[in-house]
Amino acid sequence: MFNYTFHWNQALRSLPQLLEGALVTLEIAVLSMVIGMVIAVFFTLFRLSGNRYLNAFAVSWIEIARNTPALFQIYMAHFGLGSFGIHLSPYAALLAGIAFNNAGYLSENFRGALKAIPDTQSRAGRSLGMTWLQSFRLIVMPQMFRVAFLPMTNQMVWAILMTSLGVTVGMSTDLAGITQALNARSFRTFEFFAIAAVIYYIIAKIVTLGARLLAARMFRY
Amino acid sequence: MIEIENVRKSFGPLEVLKGIDLTVEKGEVLTVIGGSGSGKSTLLTCINGLEPIDTGRILVDGTHVHAKSTDINKLRCKIGIVFQQFNAFPHLTVLENVTLAPRKVKKMGRAEAEEIAIKQLNHVGLGEKRDVYPSRLSGGQQQRMAIARALAMSPDYMLFDEVTSALDPQLVGEVLDTLKMLADDGMTMILVTHEMSFARDVSDRVAFFHKGVMAEIGPPEQIFGDPQNEETRQFLSNVR
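For the record, the sequence lines run as chains E and X.
Every letter in the first sequence is one number past the one before it in the working numbering, and letter 23, counting from 1, is 23.
Every letter in the second sequence is one number past the one before it in the working numbering, and letter 180, counting from 1, is 180.
The following block holds chain X by itself, in its conformation from the complex (with noise of 0.2 angstroms):
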């Protein structure tokens, strides 16, 4: 469970986040919509201990990300994130992307690791690229892989920061495809993304951020079918 309590963060005197509360079940996919800006990408950021936070707490499974006493590289092993850029480690062939991790931070055999990538890599539909190096991959492939490198540590949490934004769109779909497999695997995810529909399919809940507040939150009926707040209405209408 992601516990976030009354978590607030400020870059300068930018405050992003204005005291956002919000609790995420086991097995739950929760998406987050809003306008750039709003302090969705920052809250992902801040759940696995890669920003700091100004007030405030965040638990994960109970442990407090940003306490001193905190193994952070430990926790994050527990926490896979996919960046909107899609950060392949271009030196290294799409195996030893997705081993390497396992290999140095779990201190897993080669041939563990490898068997574990290989299932990674075939499940996101790249088996047959696993000696290539980035460079010879596609926008969408190389999304998909930094999804099955992430899911090579066997993390209980998924976030996504906005994963195809960066995509051509005819690539979208690929990627679209996979976080959508993970969710019916039951997989608990925070996706932060601007494709409305799949929003809508995937979601257990939808939150709207809006200029650093959780303005509302609900399943996903609610929010794209009856929103309650008047900035979600405005909102939806722009996107739509």
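Next comes chain E alone, as it looks inside the complex (with noise of 0.2 angstroms):
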């Protein structure tokens, strides 16, 4: 019943290549946390603008990020935007459809933290003087981003995992690319991808331990 053999070294000796891999998922990581950052930042702009487009226009984003899988959102990256003619790479695809899930969820994270401020910080802010947008990035911004950075840390995580989507659009450089190939080559699947497992479990904890740290030295107050 039970006569696999397992052949570690043969996947141990692949580790070089494994490691190259954990580095361009931490590439693409990093990279769609802060477009998705970005993209979050100005939709709470909108949302708080009181503009029934630009709010419109951020809620219908949001509501397909939160509420279809990522698996598709990478997929309409590349297969369904290429429809359309145009042709993104599975990198550029992975990273949109990352992205893309990032903003919607941030934008939520920002909204809720954004709650936990009283108004009249942002109205101490005009009393002085400012204008609305520098109470707003001086002020209201540095405190949200405070209260939001926990679930930060966590779609952070999520978005490391989700890298390992790109498998299905063809993304070959990632770690779950690698994978992939080295056990089409090998079919030893089960230490390739142990092997593979334990180097995210690895960078998802370094990257919490790491934000953890960070917070610490930012959020002294």
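Hint data in this document are derived by calculation from the structure and do not stem from the laboratory.
Ideal Cβ placement from N, Cα and C applies to all residues, glycine included.
Hints are not guaranteed to be accurate.
Said to hold, decoys possible - Now the in silico label distances, taken between C-beta atoms and shown as ranges:
1. Ala116(E) <-> His194(X): 27 to 33 angstroms
2. Leu209(E) <-> His194(X): 47 to 53 angstroms
3. His194(X) <-> Tyr221(E): 30 to 36 angstroms
4. Leu59(X) <-> Val34(E): 46 to 52 angstroms
5. Gln170(X) <-> Gly112(E): 34 to 40 angstroms
6. Asp61(X) <-> Asn154(E): 51 to 57 angstroms
7. Gly125(X) <-> Phe219(E): 24 to 30 angstroms
8. Ala56(E) <-> Gly12(X): 24 to 30 angstroms
9. Glu115(X) <-> Leu23(E): 45 to 51 angstroms
10. Gly12(X) <-> Ala116(E): 26 to 32 angstroms
11. Lys68(X) <-> Val34(E): 38 to 44 angstroms
12. Tyr221(E) <-> Arg110(X): 17 to 23 angstroms
13. Asp54(X) <-> Ala116(E): 29 to 35 angstroms
14. Gly125(X) <-> Val38(E): 38 to 44 angstroms
These two chains come separately, so use the hints to put the complex back together.
So this is what it looks like as structure tokens:
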């Protein structure tokens, strides 16, 4: 019943390749977070602006991002846009798909965080002669980031794990893509995927720990 | 000079200011007293344009506060306001709280802004606390920091909206002392307060607000010693 022989050596010899893939994974995750955060800040402003069209645009994006599978979002970025003659490479499509997803979730995080900041903060800024945007940028936004920091860390971990969906659009240079390729060549499925899983786990833990240290430095108040 | 002419203001069906006429001269200290809901705090937020008004007009040094053509942010640099809730910016140190607006609004350099901030912080007795975060300050200290923050913009007018109401009784004194010092320096001030003996001490004039109307205004001796208005008399007999 159980006659599978483990060949860890073969898999471990490929560790450098896997770690190279891990760097690509981390790169996509970080970029997708940065892009997602910038978009989410704009969406937060759109929602506060009171402009119906900007608000509707932000809300539609957020609704789709949060209520459809991330896999479909990445598929759409690659094959869906392809139907309209917009051809994104697997890398770009994966990045776009995850950034799209991140923007949706982060917008909701920011919206929740804003509720924790009293209106009087912005009012105090305005009464010192600041414009609405200045008081948002200098007073409200930094506090919003603090409240939203933990959910942002969660989203970052989620982004790292989502990159593995890239294999479905032909992504071959990230950790999942390389694992898949090595597996196809060797059929050491369990070993390769087990090692890759451990690497994902370690990256996620390092990111979480790093975020905690960063928070301790940034939010001393 | 602040000129308030026939100002009316409603929140939905509730009319909180029912035609206020009032002029505050340069260097004058005016205190506004009255029950809650009398419109006194609303009047302050109308003066610096945080609240729109329905009719009438408010002029600060001849500038129409609520006119579309007015650069309200520029005008607000002239009018400092301190609120009942201290509204310290929690993510900034005391010094950063005070330098933020001079640097970002007045585009001052860091060194110049810090010099002014330190002077103001020393003035309110917080020089030692410049590098701590507001969460480490007592309520009274936070409120004095808010005063220093407003003063760092070198305003010509200061508005104080019940600045001691949220403080523990033993902390009220230190804030009142700061206000007294400002009054002695010749700052033009409008104070909304429930501290009657303080109002009697520092004011040039005292206005009594009742249900959105300025029921009586006069020197403190008159308002506290010989009120002409029945409502004023009743209010004062209740608070004392």
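State the violated hints by number, sorted upward, taking the hints as numbered earlier in the document.
Violated: none.
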